Amino acid sequence: MSHNDEIPAAAHGYIALTPAACTSCMLCVRECPSWCITLESHAVQTSEPGARRPTTVSVLDAFTIDFGLCMFCGICVEVCPFDALEWTPRFDYAASDRSGLVQAIDQLSGSGDQR
Amino acid sequence: MRTVESSRWWEELSALAVDGFTYLDYLTAIDRGTHLDLVAHVVNPDTVEHLLVVAALPGDSAVVDSLVPLHAGANWHEREAAEMFGITFTGHPDPRRLLLRDESAAPPLRKSTPLPARVDTPWPGAATAGGDDAAGRRARRQLPPGVPAQWVAEGP
Amino acid sequence: MTPAAPAFRLAADPTVRVVVANLGLACCSLEVDVAIQRGLLVPDEDGAGAAHCVLLVSGTVTDVLAPAVVRHYEALPGHVSVMSFGACASTGGPYWDAPTVTQGVDRLVPVSVYVPGCPPRPEALVAGLLALTAEVSA
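Residue numbers (the numbering used here), protein chains in the order written: chain A, 1 to 115; chain V, 116 to 271; chain R, 272 to 409.
Chain A with its partners taken away, still in its complex shape:
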């Protein structure tokens, strides 16, 4: 780049997901004004050693953000109780078709192909 301005680390460029931190609570999905987040989960029963009875936890199956629809308002980042969503300054994810802007867990978490 020909300019000296660094893009701030807190720039609202992209919303990244840490799947391990997500409890599938649905708060982000329900607060999103653009209805651009989807989340699928299933419940499993786990028994902690020493616990009196098994507890039910939600397991994240699918999570998508449609960046074609997203208005980058950050409400999802704000409401997440476990900081599973965070801003990143990434900007280079233009897509040649509309569906390419719908990003799933592997892209959002950086574990898969970035493009």
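Rather than coming from a laboratory, the hints here were simulated on the basis of the structure.
All of these numbers come straight from a predicted model, not from anything done at the bench.
Cβ coordinates follow ideal geometry from the N, Cα and C atoms, glycine included.
FRET-style restraints, in silico, Cβ to Cβ:
#	chain 1	residue 1	chain 2	residue 2	range
1	R	V313	A	D61	46 to 52 Å
2	A	T88	V	R123	55 to 61 Å
3	A	E40	R	L336	35 to 41 Å
4	R	R378	V	A221	20 to 26 Å
5	R	G310	V	T236	37 to 43 Å
6	R	D334	V	W266	20 to 26 Å
7	A	G74	V	R216	30 to 36 Å
8	V	R212	R	R378	21 to 27 Å
9	A	P33	V	A171	27 to 33 Å
10	V	R123	R	D334	35 to 41 Å
Start from chain A and add chains V and R according to the hints.
Same frame as chain A, now just chains V and R:
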């Protein structure tokens, strides 16, 4: 703020103009659910006093005198309020639509007018954390914020 | 905007020459000016060589303006690639539920590249132009 009878809308605004409130800053309406509030913001340019004038209109027969002969600047505001809220301004010199093209469309800013996109789009938040239970029932039916229950498309 | 749109070279890759017809319909179009001001796009009016012609739709396409968008697309000479810049142009964005807003410019004209953002950064414009020209050249 001054509340006036809608039948005296013209008289009240005329009297205010005589008293120096000669500048109409803005005119719009608010759908209160039970009725419409017609709101005019007038300013006295000499004293810089300003005043909100509010008149309640029944939603099913929202008719009021046009202020255009008094305030030429009311022209576009009234055309916008007419198409957005379904208000008839009696005596308006040019009652064409201002922004909307579809003559048959229901006034979009009435709370009773559904937004087609919000009716047709299934709300992603309707899914339940943990998915459906073993019997396939949803634990608690969630509705999207700000969307009346009767608008919401039935999910799968 | 006229069909005689300005030509630029990309500072990130000076071999890329683009003619950008910016349909600035809302705030996203400011990012295009910022990209020029910051030297990411370098004016190249007199430069020689082939150029990619890009119709840059930056902003909210209302149903009332939709015919004008189509007219501009058809008025541009030669091969034109359409860039949908920002959420409004791509899907309606924050106005996705508005009855008066076109839910994506791709309902009017074929789109070659969608740049996400609300607004996208100037750098995202450059990244989108690089993606677009790479695709056209391939």
